[in-house]
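Novice: Dock chain B against chain A, hints included.
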Amino acid sequence: MKITREEVQRVAVLARLQFSPEEEEILTGQLDKILQYVEKLDQLDTADVEPLAHAVDIVNAFRDDRVANRPSSDSLLANAPAREKDFFKVPKIIE
Amino acid sequence: MSLHALTLHDLHGKLEKREVSSVEITESVFQRISSTEEKLHCYITLCRDAAVQEAKRADERLKRGEASAPLLGIPVALKDIFLTRGLRTTCASKILGSFIPPYDATTVRKLKEAGAVVTGKTNMDEFAMGSSTENSAFAATRNPWNPERVPGGSSGGSAAAVAADQCIAALGTDTGGSIRQPASCCGIVGMKPTYGRVSRYGVIAFASSLDQVGPMTKDVTDCALMLEAIAGHDPSDSTSVDAPAPAYAGFLNGDIKGLRVGIPKEYFIKGIQPEVEQGVKDAIRVIERNGAGVEEISLPHTEYAVAVYYIIATAEASSNLARYDGMKYGYRAPARDLTETYMKSREEGFGAEVKRRIMLGTYALSAGYYDAYYLKAQKVRALIKRDFAEAFRKCDAIVTPTAPTTAFKIGEKTQDPLQMYLSDIFTISVNLAGLPGLSLPCGFDGDGLPIGMQIIGKHFDEATILKLAFAYEQATEWHKKKPILDHG
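Listed in order, the protein sequences are those of chains A and B.
Under the numbering used here, read the first sequence as residues 2 to 96, first letter to last.
Under the numbering used here, read the second sequence as residues 951 to 1438, first letter to last.
Chain A on its own, in the form it takes in the complex (with noise of 0.2 angstroms):
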């Protein structure tokens, strides 16, 4: 096993993430078999190697901070889930 139901759970959380008991169980197969094939990339030796980022070279791009197509308050508020005035409500972090 690749993977157990507790390391399942653990993650669950990490991710914020819920499952039911059998849906976690599902789930525990079909990882551990995923990564069960992913382990073919222990066959390679990559002790040498830089780990690689991202495929074309490209250096950090700055640009100015300035403002550009702002869109509207009330569009992105439009949105929200719940909203109260010109806010976003949201649950109660403190107590």
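Wrong hints could be hidden among the right ones.
Footprint (simulated), chain B over chain A, 3 or more residues, beta carbon under 8 angstroms [claimed, not checked]: (1) 25-34; (2) 41-53; (3) 57-67; (4) 70-79; (5) 85-96.
Listed below are the simulated SDA-like cross-link pairs for lysine to any residue, each with C-alpha atoms no more than 20 angstroms apart in a straight line [claimed, not checked]: (6) K1329/B <-> D1346/B; (7) K1060/B <-> N80/A; (8) K1013/B <-> K1044/B; (9) K1294/B <-> L15/A; (10) K1363/B <-> Y38/A; (11) K1335/B <-> S74/A; (12) K1363/B <-> K1408/B; (13) K41/A <-> E1340/B; (14) K34/A <-> E1340/B; (15) K41/A <-> A1332/B; (16) K1329/B <-> Q44/A; (17) K1335/B <-> L45/A; (18) K3/A <-> P1367/B; (19) K41/A <-> G1318/B; (20) K3/A <-> R1306/B; (21) K1335/B <-> E51/A; (22) K1294/B <-> V91/A; (23) K93/A <-> E977/B; (24) K1294/B <-> P22/A; (25) K1335/B <-> V50/A; (26) K3/A <-> Y1320/B; (27) K1294/B <-> Y38/A; (28) K90/A <-> K1408/B; (29) K1294/B <-> P72/A; (30) K1060/B <-> N70/A; (31) K1335/B <-> A48/A; (32) K1044/B <-> N80/A; (33) K41/A <-> E1216/B; (34) K1408/B <-> D58/A; (35) K1060/B <-> P72/A.
Keep in mind that the hints were calculated from the coordinates and are not lab data.
Beta carbons: idealized from backbone N, C-alpha and C, even for Gly.
Specialist: Okay, now just chain B, sitting in the frame of chain A:
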């Protein structure tokens, strides 16, 4: 032939000569949608009224005799991953089920400025995660060549819409094959440009080091025209490259004499459908007869690409999709406190495949596993890129099958994620290496399903790919074949 069945460049000619109007073309396309959509489910959202208004404006511009851009007055469909100002954009997810973007993606803005008429937003696998368009929260799109088959994915709605003449051309996105594989399944042309060639601003992110926007069209000329319209530097996307995009249509002259074409032996392997292998090998002979030199090459790390991809893409996705927290936009589930709001909103808002990938990516990045999975995958990614760099010393373009099989049956792979992932085995390396790749039709199997051939080019050398694809297309008739749909 009905207007909806014509290509972009044919219609452009007719519009310029004032033989037809954009309103007539747009009405024809929407008639086609009305008669076939119930069967195919290509779209998530249609915008007929806005399209007709846009077509009227295009006709006015044509009437004034404006030197017209090739896209002026042409009905174009957009994958539902592109932000469209004021038009619902869902990414085929319940979590964005009622999201109305406040701005346009750069590519959408460019198409609109060129005068294109947006028909609607096409169906896809949720958050572009899938190879069959079955992972949509709305409906599964059907393949126009056979409604029992998938259209491929994740840009399956765009591919099926182009194949069924429900639009003249479309935009898709490609992270591991999501333009090329559905293009192959539906018998159309689809191109993933070089990473950085086209802006990703306003495209809902899946895996940011791999995602790229590209055209899905009825033939190679249309592909070149669409690419010209969307390519170029965008200050709003820090990974978009500041290099001039050439006038691609100028390369379509059919002359491929002396071009060196590499055939990687690792792409003709056990498990590939024999008719696909035969179709691509026949196509290679056509290319050779037209004057190109063909030689076998090797891309030794090909067999590791799927494993690398499903670590890197899921890791990036787990980070990108952390933004869906039910606070400022998107679905929010009723809950007792903040943590439960996050958990329940994401549990109810995301589909099974998206959750599976978030889990895999979070696991690969988590303490104790990072080196074994994520770092290892990044190192093998470097080896895959190096393979191509070596190969391109000997050749100007590489030809392979686009997918190991033609379109599979609906439901065939939904229970086995790994089998689904393996349908992208020939397209994924191209994303990992950041290269441009194109799929075009090169035959049919015994069930009448299209076979796709992939052409891979050097970084920023889309021109050579299009040149080779055009020469092959002109030598064959595949692109003229259309699926027979019952309702006219």
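Novice: If a hint holds in the structure, say so; if it does not, say that too.
Specialist: A quick look at each hint next to the structure:
Counting residues of the stretch 25-34 of chain A whose C-beta lies closer than 8 angstroms to any C-beta of chain B gives 4; at least three are required, and the coverage claim holds. Judged by the Cβ-Cβ criterion of 8 angstroms, the stretch 41-53 of chain A is covered by chain B as claimed, because 9 of its residues qualify and three suffice. For the stretch 57-67 of chain A, the proposed coverage by chain B is satisfied: 5 residues have a C-beta within less than 8 angstroms of a C-beta in that chain, meeting the threshold of three. With a cut-off of 8 angstroms between beta carbons, the stretch 70-79 of chain A has 6 residues touching chain B; three or more are needed, and the interface restraint holds.
Counting residues of the stretch 85-96 of chain A whose beta-carbon sits less than 8 angstroms from any beta-carbon of chain B gives 5, enough to reach three: the coverage restraint holds. Restraint check: the Cα-Cα separation between K1329/B and D1346/B comes to about 26 angstroms, which exceeds 20 angstroms; the hinted pair is violated. Distance hint between K1060/B and N80/A is unfulfilled; the C-alpha atoms sit about 25 angstroms from each other, more than 20 angstroms. Straight-line distance between C-alpha atoms of K1013/B and K1044/B comes to about 43 angstroms, which puts the hinted pair past the 20 angstroms bound.
With a C-alpha separation of about 14 angstroms, the suggested pair K1294/B and L15/A falls inside the 20 angstroms cut-off, and the hint holds. Proposed proximity of K1363/B and Y38/A is supported: the alpha carbons are some 17 angstroms apart, at most 20 angstroms. Distance hint between K1335/B and S74/A is unfulfilled; the C-alpha atoms sit about 44 angstroms from each other, more than 20 angstroms. For a cut-off of 20 angstroms, the pair hint linking K1363/B to K1408/B is broken: about 33 angstroms separates their Cα positions.
Proposed proximity of K41/A and E1340/B is contradicted: the alpha carbons are some 23 angstroms apart, above 20 angstroms. A threshold of 20 angstroms between alpha carbons decides the hint, and for K34/A with E1340/B the separation of about 33 angstroms lies outside it, so the pair is violated. Between K41/A and A1332/B the CA atoms are separated by roughly 16 angstroms; this keeps the pair inside 20 angstroms, and the hint holds. For the suggested pair K1329/B and Q44/A, the alpha carbons sit about 13 angstroms apart, so the restraint of at most 20 angstroms is met.
Between K1335/B and L45/A, the direct Cα distance comes to roughly 15 angstroms. Compliance with the 20 angstroms bound is thereby established for this hinted pair. Distance restraint check for K3/A and P1367/B: the Cα-Cα separation of roughly 17 angstroms lies within the 20 angstroms cut-off, and the hinted pair is therefore satisfied. Taking the CA atoms of K41/A and G1318/B, the gap is about 19 angstroms. The hint holds against a cut of 20 angstroms. Taking the CA atoms of K3/A and R1306/B, the gap is near 16 angstroms; set against the 20 angstroms cutoff, the hint holds.
At roughly 12 angstroms between alpha-carbon atoms, K1335/B and E51/A fall within 20 angstroms of each other, so this suggested pair holds. Proximity of K1294/B to V91/A is assessed by CA-CA distance (about 15 angstroms); at most 20 angstroms being required, the pair is judged to hold. Only pairs whose Cα atoms come within 20 angstroms are accepted, and K93/A paired with E977/B is rejected, the gap being roughly 51 angstroms. Restraint check for K1294/B and P22/A: the C-alpha separation of about 15 angstroms stays at or below 20 angstroms, so the hint holds.
Restraint check for K1335/B and V50/A: the C-alpha separation of about 12 angstroms stays at or below 20 angstroms, so the hint holds. Restraint check: the Cα-Cα separation between K3/A and Y1320/B comes to about 14 angstroms, which is no more than 20 angstroms; the hinted pair holds. Restraint check: the Cα-Cα separation between K1294/B and Y38/A comes to about 31 angstroms, which exceeds 20 angstroms; the hinted pair is violated. Annotation: proposed proximity of K90/A to K1408/B is violated, straight-line Cα distance about 50 angstroms (limit 20 angstroms).
For the hint pairing K1294/B with P72/A, the CA-to-CA distance comes to about 30 angstroms; that exceeds 20 angstroms, so the pair is violated. Taking the CA atoms of K1060/B and N70/A, the gap is near 15 angstroms; set against the 20 angstroms cutoff, the hint holds. In summary, the hint linking K1335/B to A48/A is supported, as the alpha carbons are separated by about 17 angstroms, within the 20 angstroms threshold. A hinted pair counts as satisfied when its Cα atoms are at most 20 angstroms apart, and K1044/B with N80/A qualifies at roughly 14 angstroms.
In summary, the hint linking K41/A to E1216/B is supported, as the alpha carbons are separated by about 16 angstroms, within the 20 angstroms threshold. Distance hint between K1408/B and D58/A is fulfilled; the C-alpha atoms sit about 14 angstroms from each other, no more than 20 angstroms. The hinted pair formed by K1060/B and P72/A meets the criterion: a straight-line CA distance of about 18 angstroms does not exceed 20 angstroms.
Of the numbered hints stated above, those contradicted by the structure are hints 6, 7, 8, 11, 12, 13, 14, 23, 27, 28, 29, listed in ascending order.
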